[in-house]
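Using the sequences plus the hints, can you model the full thing?
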Amino acid sequence: MDTMQTGTKSGELYSLKPTEGVLNLPPEMQAIVKSKGGLNILIEQVPPAELFEDEAERFKALSSPVRIQILHALVTADLCPSILKNITGMSDSKLSYHLEILERAGFIAHEQRQKWRIYVITVEGRKTIGHERQPSDIPIL
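Here the working numbering = 1-based position in the sequence shown + 2.
Mixed in with the good hints, there may be bad ones.
Unchecked claim - No farther apart than 20 angstroms at their CA atoms in a straight line, the calculated lysine to aspartate or glutamate pairs in the EDC-like style are these: (1) LYS117 with ASP80; (2) LYS62 with GLU105; (3) LYS87 with GLU102; (4) LYS87 with GLU59; (5) LYS129 with ASP56; (6) LYS62 with GLU52; (7) LYS117 with ASP94; (8) LYS36 with GLU46; (9) LYS96 with GLU59; (10) LYS62 with GLU102; (11) LYS129 with GLU105; (12) LYS129 with ASP80; (13) LYS129 with GLU57; (14) LYS87 with GLU113; (15) LYS129 with GLU59; (16) LYS62 with GLU126.
As the list claims (entries may be wrong) - Label-pair ranges, simulated between beta-carbon atoms: (17) ILE85 with GLN47: 44 to 50 angstroms; (18) ASN88 with ILE43: 52 to 58 angstroms; (19) GLY91 with GLY132: 23 to 29 angstroms; (20) LYS38 with TYR99: 42 to 48 angstroms; (21) ILE34 with GLN71: 39 to 45 angstroms; (22) SER66 with GLY39: 37 to 43 angstroms; (23) LYS87 with LYS36: 55 to 61 angstroms; (24) LEU27 with ASN88: 52 to 58 angstroms; (25) TYR99 with VAL125: 21 to 27 angstroms.
The set of hints was computed from the structure by calculation and includes no laboratory data.
All values derive from a computational prediction rather than experimental measurement.
Think of the CB as a built atom: it goes at the ideal place given N, C-alpha and C, for glycine as much as any other residue.
Here it is, written out as structure tokens:
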């Protein structure tokens with residue numbers, strides 16, 4: 003049985019479950035809901051919000067302009083915190099905070115080179131800002 007029914011007078015859609023009651027929808031939306039097999043089927047096709055927690059964390063990591071600036075800086079070269087500090091104008095503690103967020107989200111990683119910590123952009127970080135090729139893949143003109 004279709005869980006969506008059209009009312010006879012107002013053209014409203016009725017949902018029998020899970021959202022009991024009347025849906026007052028414009029005709030275009032009624033057609034869309036009907037074409038999808040009804041509201042319940044449409045709802046079932048949308049994954050629960052809990053499945054998007056990792057994705058939401060990645061978006062949060064991009065919510066700061068300075069973190070996006072850091073990603074763009076790391077596209078140019080692997081860099082140490084001292085250079086990133088000069089680029090961003092941030093204090094050590096603030097820069098460290100932003101680097102940690104980017105690293106947790108998987109956009110950057112760090113390597114130990116002798117006694118120095120060097121930050122590198124990951125493939126995921128490159129994709130995020132639209133630089134999918136490695137610097138060595140880009141021809142020198």
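Checked hints:
no.	hint	result
1	LYS117 with ASP80	15 angstroms, holds
2	LYS62 with GLU105	12 angstroms, holds
3	LYS87 with GLU102	14 angstroms, holds
4	LYS87 with GLU59	24 angstroms, violated
5	LYS129 with ASP56	17 angstroms, holds
6	LYS62 with GLU52	15 angstroms, holds
7	LYS117 with ASP94	17 angstroms, holds
8	LYS36 with GLU46	14 angstroms, holds
9	LYS96 with GLU59	19 angstroms, holds
10	LYS62 with GLU102	13 angstroms, holds
11	LYS129 with GLU105	15 angstroms, holds
12	LYS129 with ASP80	16 angstroms, holds
13	LYS129 with GLU57	14 angstroms, holds
14	LYS87 with GLU113	17 angstroms, holds
15	LYS129 with GLU59	16 angstroms, holds
16	LYS62 with GLU126	15 angstroms, holds
17	ILE85 with GLN47: 44 to 50 angstroms	47 angstroms, holds
18	ASN88 with ILE43: 52 to 58 angstroms	56 angstroms, holds
19	GLY91 with GLY132: 23 to 29 angstroms	24 angstroms, holds
20	LYS38 with TYR99: 42 to 48 angstroms	44 angstroms, holds
21	ILE34 with GLN71: 39 to 45 angstroms	41 angstroms, holds
22	SER66 with GLY39: 37 to 43 angstroms	41 angstroms, holds
23	LYS87 with LYS36: 55 to 61 angstroms	58 angstroms, holds
24	LEU27 with ASN88: 52 to 58 angstroms	56 angstroms, holds
25	TYR99 with VAL125: 21 to 27 angstroms	24 angstroms, holds
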